[in-house]
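A.B. asks: Quick mapping for you: the protein sequence lines, in order, are chains A and B.
Mapped onto my numbering, the consecutive letters of the first sequence carry residue numbers 210 to 446.
Mapped onto my numbering, the consecutive letters of the second sequence carry residue numbers 210 to 446.
These are computed hints drawn from the structure, not numbers from a lab.
A hint or two may mislead.
[Unchecked claim] Okay, derived cross-link-like pairs now, PhoX-like style, lysine-lysine, Cα gap no bigger than 20 Å in a straight line: (1) A/Lys261 x A/Lys326; (2) B/Lys261 x B/Lys326; (3) B/Lys261 x A/Lys296; (4) B/Lys296 x A/Lys261; (5) A/Lys261 x A/Lys327; (6) B/Lys327 x B/Lys341.
2 protein chains.
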Amino acid sequence: MIEFPPYVISPIGIIHSCYPEKFGIPRQPGLVTSSSGRLELLPPWNREEMVKGLDAFSHIWIQFLFHEAVAEGWRPTLRPPWLGGQKRVGVFASRSPHRPNFLGISVVRLTGIRKEKKGLFLEIAEIDLLDKTPVVDIKPYVPYSDSVPTASGGFIPPPESVTREVVFTKAAAQYCGDYEHRTGRRLRLLIVETLGQDPRPASQRHQVREYGMALWDVNVRWQAHGERFLVLSIGEE
Amino acid sequence: MIEFPPYVISPIGIIHSCYPEKFGIPRQPGLVTSSSGRLELLPPWNREEMVKGLDAFSHIWIQFLFHEAVAEGWRPTLRPPWLGGQKRVGVFASRSPHRPNFLGISVVRLTGIRKEKKGLFLEIAEIDLLDKTPVVDIKPYVPYSDSVPTASGGFIPPPESVTREVVFTKAAAQYCGDYEHRTGRRLRLLIVETLGQDPRPASQRHQVREYGMALWDVNVRWQAHGERFLVLSIGEE
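This is chain A alone, in the form it adopts within the complex (with noise of 0.2 Å):
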């Protein structure tokens, strides 16, 4: 019989993500080429000696804690998202959060490392994650090694390539243009981006009714009208 001590892992860093919430958060990272954040490393591990060499990557592995689930437990089966919510299958053959040990990885685009009067900062874009998310472990992504464009991907189905049409309100645009004047964030793109993956559950995908999605600190109201989805107004959180 195998015993294995139980093993204590520190979260060595912290997510700032344009994600507050789990609803809108795309289904996989790399579909919304606008989602960005910033992850925050800490004490002891925030040296910049830590991540030298990092900037020559242009990918990066993100081991993380799906914090949110820690609390709800996990399944040791469930129906995945992209079945519809309707076959059932094995807990680790899936990506759900609701797994043994909650740990997730995503690659994400490096795009800077910034040291700061408060803190040590990677600049990363094209994210899948929540913000507040621990981050467990950092690593460069190989190609050669990680990238294995021929294995085959069993049910899950590549993402749809035809994207929602989204339109805008006059008040909603305008906000999106003050809002990216005064932060430099890109948000109107960032909707269309992130309602284009329709992020409705399969089950609300026939209603007629509005959402409230968060991104970055801003609440966005909007309706699907068919394939094409409205935005009614945004505003402070």
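Given chain A, put chain B in place with the hints provided.
C.D. replies: Here is chain B on its own, set in the frame of chain A:
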């Protein structure tokens, strides 16, 4: 100031690998196609339902602990082997085992799932995992998000495409034949591919000396003669 609780993680499986020692392990998975092993699921995670649907994937991620590095501790910077042990980089810019939290990820080929009396096993190949490695998660490899062939690989060069020539003494060749007949393990190919990657540290590549290398349950004695390796003898461990 952000404060996280320490998280406790428990191994959900253990690796049984052709590599009982670090020496000989390829630097990345996928380099030695004849390397193989089994991932044994541990109770209470050894239920067939937990891997239901996983057999639809050709490749899986194994998240594991670099258990031998835990006692040795982590280092903020190190000199990775692909830079000839010369240049110093940060640990987060490396795939070194001596990292905070000691977490590793590896993509391997999934060749089967076996339910046996003594447990539930995933058959895996093209591995770079040490025997007895504790596994903390299993995930399907999803090419459309995990495969980024255009990622720039920084200072990590792809492995040498010219592999070393490997020749066998008569006795060593005979041993391989008998061993393969008895166990079904392709020992000769494993030796050829493993030595072909030149497992010697860069600092020893100009020395003439004899090496011992453990593969499965046997010990392989070999010598380097310039670019050519001679397998002298093979015996029980």
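A.B. asks: Work down the list of hints and note, for each, if the structure agrees.
C.D. replies: Results for each hint:
1. Taking the CA atoms of A/Lys261 and A/Lys326, the gap is near 18 Å; set against the 20 Å cutoff, the hint holds.
2. Of the pairs offered as hints, the one joining B/Lys261 and B/Lys326 holds, with about 18 Å between alpha carbons and a cut-off of 20 Å not exceeded.
3. Restraint check for B/Lys261 and A/Lys296: the C-alpha separation of about 11 Å stays at or below 20 Å, so the hint holds.
4. A C-alpha spacing of about 11 Å is found between B/Lys296 and A/Lys261, which places the hinted pair at or below 20 Å, so the restraint holds.
5. The suggested pairing of A/Lys261 with A/Lys327 holds, with an alpha-carbon distance near 19 Å, which does not exceed 20 Å.
6. With a CA separation close to 17 Å, the supplied pair B/Lys327 and B/Lys341 stays within the 20 Å bound.
Hint check: no violations occur; every hint is consistent with the structure.
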